[in-house]
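Participant: If you're matching them up, the sequences are chains A and B in order.
Straight run, no breaks: the first sequence in numbering that gives the first Met the number 0 ends on number 378.
Straight run, no breaks: the second sequence in numbering that gives the first Met the number 0 ends on number 378.
Keep in mind the hints are simulated off the structure, nothing from the lab.
In this text, all values refer to a predicted model and were calculated from it rather than measured experimentally.
We treat Cβ as the ideally placed atom computed from N, Cα and C, and that holds for glycine.
In silico lysine-lysine, DSS-like type, Cα no more than 27 Å apart, as pairs:
1. Lys-289/B with Lys-289/A
2. Lys-182/B with Lys-72/B
3. Lys-182/B with Lys-77/B
4. Lys-120/B with Lys-51/B
5. Lys-182/A with Lys-72/A
6. Lys-72/A with Lys-289/B
7. Lys-289/A with Lys-72/B
8. Lys-129/A with Lys-77/A
9. Lys-327/A with Lys-351/A
Chain A regions said to be covered by chain B (calculated; three or more residues, Cβ under 8 Å):
10. 186-197
11. 229-235
12. 343-353
13. 370-376
Number of protein chains: 2
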Amino acid sequence: MRTAMSDLLDFDVPFFAFSHCRDVVAAVTNAGGVGVLGAVAHTAEDLEIDMKWVENEIGPGATYGVDLLMPSKFTGAKQGGLSREELRAQIPEEHRAFMDGLLDRYGIPPLLDVPREQRVKRAGLQVDPKSMTPLLDIAFAHDIKVIVSGLGSPPAEVIERAHAAGVVVGAQAGTVEHARRHKEAGVDFVIAQGTEAGGHTGDITTMVLVPQVVDAVAPLPVLAAGGIANGRQVAASLALGAAGVWCGSVWLGTEEGESTPAERERFIAARSQDTTRSRSFTGKPCRVLKSAWTEAWEQEDAPQPLPMPLQSMLVDRSRRRVQRVAHKKDSRAPELLSPFIGQIVGQITSIKPTRRVMTEMMEEMAEAIARLDDIMSED
Amino acid sequence: MRTAMSDLLDFDVPFFAFSHCRDVVAAVTNAGGVGVLGAVAHTAEDLEIDMKWVENEIGPGATYGVDLLMPSKFTGAKQGGLSREELRAQIPEEHRAFMDGLLDRYGIPPLLDVPREQRVKRAGLQVDPKSMTPLLDIAFAHDIKVIVSGLGSPPAEVIERAHAAGVVVGAQAGTVEHARRHKEAGVDFVIAQGTEAGGHTGDITTMVLVPQVVDAVAPLPVLAAGGIANGRQVAASLALGAAGVWCGSVWLGTEEGESTPAERERFIAARSQDTTRSRSFTGKPCRVLKSAWTEAWEQEDAPQPLPMPLQSMLVDRSRRRVQRVAHKKDSRAPELLSPFIGQIVGQITSIKPTRRVMTEMMEEMAEAIARLDDIMSED
Numbered sequence: 000m001r002t003a004m005s006d007l008l009d010f011d012v013p014f015f016a017f018s019h020c021r022d023v024v025a026a027v028t029n030a031g032g033v034g035v036l037g038a039v040a041h042t043a044e045d046l047e048i049d050m051k052w053v054e055n056e057i058g059p060g061a062t063y064g065v066d067l068l069m070p071s072k073f074t075g076a077k078q079g080g081l082s083r084e085e086l087r088a089q090i091p092e093e094h095r096a097f098m099d100g101l102l103d104r105y106g107i108p109p110l111l112d113v114p115r116e117q118r119v120k121r122a123g124l125q126v127d128p129k130s131m132t133p134l135l136d137i138a139f140a141h142d143i144k145v146i147v148s149g150l151g152s153p154p155a156e157v158i159e160r161a162h163a164a165g166v167v168v169g170a171q172a173g174t175v176e177h178a179r180r181h182k183e184a185g186v187d188f189v190i191a192q193g194t195e196a197g198g199h200t201g202d203i204t205t206m207v208l209v210p211q212v213v214d215a216v217a218p219l220p221v222l223a224a225g226g227i228a229n230g231r232q233v234a235a236s237l238a239l240g241a242a243g244v245w246c247g248s249v250w251l252g253t254e255e256g257e258s259t260p261a262e263r264e265r266f267i268a269a270r271s272q273d274t275t276r277s278r279s280f281t282g283k284p285c286r287v288l289k290s291a292w293t294e295a296w297e298q299e300d301a302p303q304p305l306p307m308p309l310q311s312m313l314v315d316r317s318r319r320r321v322q323r324v325a326h327k328k329d330s331r332a333p334e335l336l337s338p339f340i341g342q343i344v345g346q347i348t349s350i351k352p353t354r355r356v357m358t359e360m361m362e363e364m365a366e367a368i369a370r371l372d373d374i375m376s377e378d
Numbered sequence: 000m001r002t003a004m005s006d007l008l009d010f011d012v013p014f015f016a017f018s019h020c021r022d023v024v025a026a027v028t029n030a031g032g033v034g035v036l037g038a039v040a041h042t043a044e045d046l047e048i049d050m051k052w053v054e055n056e057i058g059p060g061a062t063y064g065v066d067l068l069m070p071s072k073f074t075g076a077k078q079g080g081l082s083r084e085e086l087r088a089q090i091p092e093e094h095r096a097f098m099d100g101l102l103d104r105y106g107i108p109p110l111l112d113v114p115r116e117q118r119v120k121r122a123g124l125q126v127d128p129k130s131m132t133p134l135l136d137i138a139f140a141h142d143i144k145v146i147v148s149g150l151g152s153p154p155a156e157v158i159e160r161a162h163a164a165g166v167v168v169g170a171q172a173g174t175v176e177h178a179r180r181h182k183e184a185g186v187d188f189v190i191a192q193g194t195e196a197g198g199h200t201g202d203i204t205t206m207v208l209v210p211q212v213v214d215a216v217a218p219l220p221v222l223a224a225g226g227i228a229n230g231r232q233v234a235a236s237l238a239l240g241a242a243g244v245w246c247g248s249v250w251l252g253t254e255e256g257e258s259t260p261a262e263r264e265r266f267i268a269a270r271s272q273d274t275t276r277s278r279s280f281t282g283k284p285c286r287v288l289k290s291a292w293t294e295a296w297e298q299e300d301a302p303q304p305l306p307m308p309l310q311s312m313l314v315d316r317s318r319r320r321v322q323r324v325a326h327k328k329d330s331r332a333p334e335l336l337s338p339f340i341g342q343i344v345g346q347i348t349s350i351k352p353t354r355r356v357m358t359e360m361m362e363e364m365a366e367a368i369a370r371l372d373d374i375m376s377e378d
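Throw the hints in and build the complete structure from the sequences for me.
Facilitator: So, in C-alpha cells, the structure goes:
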C-alpha cells in the first residue's frame with residue numbers, strides 16, 4: 000500500500016502501533032507496519048534494554064520509533080523542570096488523604112516497606128526537557144526512523160535533532176488548533192486523534208476531527224487515531240483522508256500486549272460505553288475503563304486533579320497498591336482498576352497474536368474497499 | 000447507488016435527511032435522497048399542513064417520511080400519558096426559580112402577556128402514545144414511505160400499522176443494546192448514531208458504534224449517523240458497513256434550514272469543540288452549542304434536570320423568552336442560546352442551498368472512494 004506517509008517512511012501497510020510493550024512494537028514492524036514504543040515512563044536503563052531488544056527482533060534498518068509526551072504546560076515548566084523531591088513537595092496533603100481514604104475503604108493493604116536501595120527504580124512521567132534528555136539521547140543513539148510527541152508540539156531542538164539524524168517527527172492533535180501548532184513547529188506528519196481513543200484524548204470524535212485536520216495541515220500527511228481496531232475502521236480512516244492509522248488500544252487485546260490476565264478479562268467483558276475520560280491519572284483527560292476509582296474522583300468531595308506530572312506522582316503508589324493485590328481472591332482491588340483503553344474495548348472478544356490482528360485488519364480493509372466499489376458501480 | 004437500503008426504499012443516493020423543516024425535507028428528496036420530517040413537536044394542524052406542502056413539492060410517490068420520539072421511559076408512562084396540566088403540576092418550584100433566576104441575571108424580559116385565546120398553539124414534545132396518536136393518524140393518512148423513532152423502540156402497534164400501510168420502520172440506536180432491542184421489536188432498519196451527533200445522543204462515537212451495530216443486527220441494514228456532513232464522512236460511513244447515512248446538523252447550515260440569522264452566525268463561528276451534551280433541554284442528553292445556559296446547568300447549585308417531557312415543558316417558556324429578544328442590539332440573550340447541533344458545526348463555513356450540499360457530498364464521496372482504490376492498487 001502506498002499513501003502520503005510512504006514518502007516519509009518504509010512500511011508495507013500504514014498501520015502504526017503505539018505500545019508501551021516492546022513485544023508489540025517488534026511484532027507490528029515485523030508484520031509490515033510501524034511499531035512505536037511509548038517511552039515516557041521508561042527509565043533510561045529500561046529504554047536502552049527495550050530498544051536493543053526491538054532492534055534485535057526486527058533486524059537492521061526496519062522501521063520503528065519512540066513516543067514521548069512533550070506538553071508545554073506542566074508543573075515546573077518555567078524553571079525547565081523540577082526535581083522529583085521539589086515536585087513531591089507540591090502535592091497537597093488533602094490529595095494524599097483522599098487517595099489513602101479511598102484505598103482504605105476498599106481494604107487495599109499498604110505497599111511493603113522495601114528499603115530504598117532495594118526498590119525497583121521508577122521513572123514517573125518524564126515530561127520536562129531535563130528529565131526527557133536522557134531518553135532522547137538513547138533514542139537518537141539507536142536506529143529509530145520516527146519520533147512522536149503524544150502530547151504537545153515537539154520543541155524546536157527536538158525537531159532539529161531528529162531531522163539531523165534523518166528521523167521523521169510526528170505529533171498528536173485533538174483539535175484543529177493543536178494540529179496547526181504542530182505544523183508551525185515543523186513536524187513532518189500529524190496524528191489526528193479522536194475522543195474515542197484510550198489514554199490522553201480530547202472530546203472531538205475521529206469522524207469529525209480527521210477531515211478537518213487533513214484540510215488544516217495539508218500537504219502534511221495525517222494518521223487517524225481513536226476508534227480504529229478493525230479493517231472497516233481502517234478503510235473509513237483512509238476514506239476520511241488519512242494516510243494511515245495509529246492504533247493503541249487494539250494491542251492491549253493481543254498475546255504480546257502487557258495487560259495482566261485480570262485486565263484482559265475486563266477488556267473482553269467490557270462494552271464501548273464502559274469507558275470514561277478522567278483527569279485522575281495524569282491531570283489531563285485520559286480515557287480508561289470506568290471503575291470505583293474514576294467514580295470516586297467524580298464525586299463532589301473529591302479534590303481537583305493536580306497538574307502534570309503531580310497527579311501521576313500522587314496516584315502512582317496507589318495504583319501500585321491496587322495492582323499488587325488485584326489477583327488475590329476476595330480482594331476488592333479489581334473494583335478500583337481502570338486500565339487505559341479506548342472505546343474499541345467493546346470490540347475485543349478474545350486475545351489474539353498481534354500478527355493475526357494485523358492480518359485480519361488488512362483483509363477486512365480490502366473487503367471494505369471492494370464493497371465501496373460495488374456500491375458505486377451498481378445502480 | 001445501490002445498498003441494502005435500496006431493497007427497502009427508492010432513492011438515488013442513500014442520504015437520509017432529518018429536519019424539523021419541511022423545506023429541507025422536500026429539497027433532499029428532490030435531490031435524490033430521503034427527507035424525513037422531525038414531527039415530535041408539531042401540532043396535528045401544523046403536521047397536516049407541512050406534509051401536504053412536502054408532497055406537493057416532491058410529487059406523488061416520492062420517498063419521504065416522518066420521525067417521532069418513542070421513549071419507553073417518560074413521566075406518566077405507567078398511566079399511558081398525562082395531560083399537559085397534570086404534567087405541569089409535577090414541575091418543582093425550585094426548577095422554575097432556577098430558570099427565572101438565570102434569565103433575570105442576563106436581563107431577559109418576560110414574555111408578553113398575550114391572552115390565552117390569542118396565543119400560538121404549541122405542542123411540546125409528544126412522547127406518550129395518547130398525544131402521539133393524532134400525529135401517527137396524519138402521518139399514515141399521507142403517502143410516507145418511512146417512519147423513524149428517534150428515541151426508543153417503536154411500540155408493536157406502530158410497527159404493525161406501518162407495515163400494514165407498506166411503510167418501512169427505522170429506529171435510532173446509541174448502543175449495541177438499543178440496536179438489538181429495536182431488531183427484536185421488529186424494525187426494518189437501524190440508525191446507529193454516534194455521540195458527535197446533534198440533539199439526543201449517547202456517548203459512543205460513530206467510528207466505534209457503526210461496525211458493532213452492523214454486526215449485531217445483521218442482516219438488517221444500518222444507517223450511520225453523527226459526524227457526517229461531507230463526502231469523505233459518507234464514504235467512511237459506507238466503509239464501516241453502513242448502507243447509507245442519516246444527517247441532521249448539516250442542514251442547519253443550509254438556506255432552506257430553519258435556523259435564525261443569529262444561529263447561522265454562531266454555526267459559522269463555532270469550532271467542533273464548542274458543543275456539549277446537556278440534559279437541560281429535554282431531560283435526556285442532547286448535544287448543543289455551549290452557552291451560559293449549559294454552563295449554568297452544570298453548576299453545583301443547579302437542580303437535576305427533570306425526566307422527559309417535564310424538562311422541556313420547564314424550559315420551553317424560557318427558551319422563547321431568550322429567542323424573542325436574541326436579535327435585539329445590546330441584549331445578552333445570545334449568550335444563553337444553545338441551538339441543537341453536532342460536532343460537525345466546525346465544518347460549517349457558509350450557508351449553502353441544500354441541493355449544493357448534496358451535490359458536494361456526492362462528488363467528494365466518489366473522490367474518496369476513488370482515492371481508496373489508488374491506495375490499494377499502488378505499491
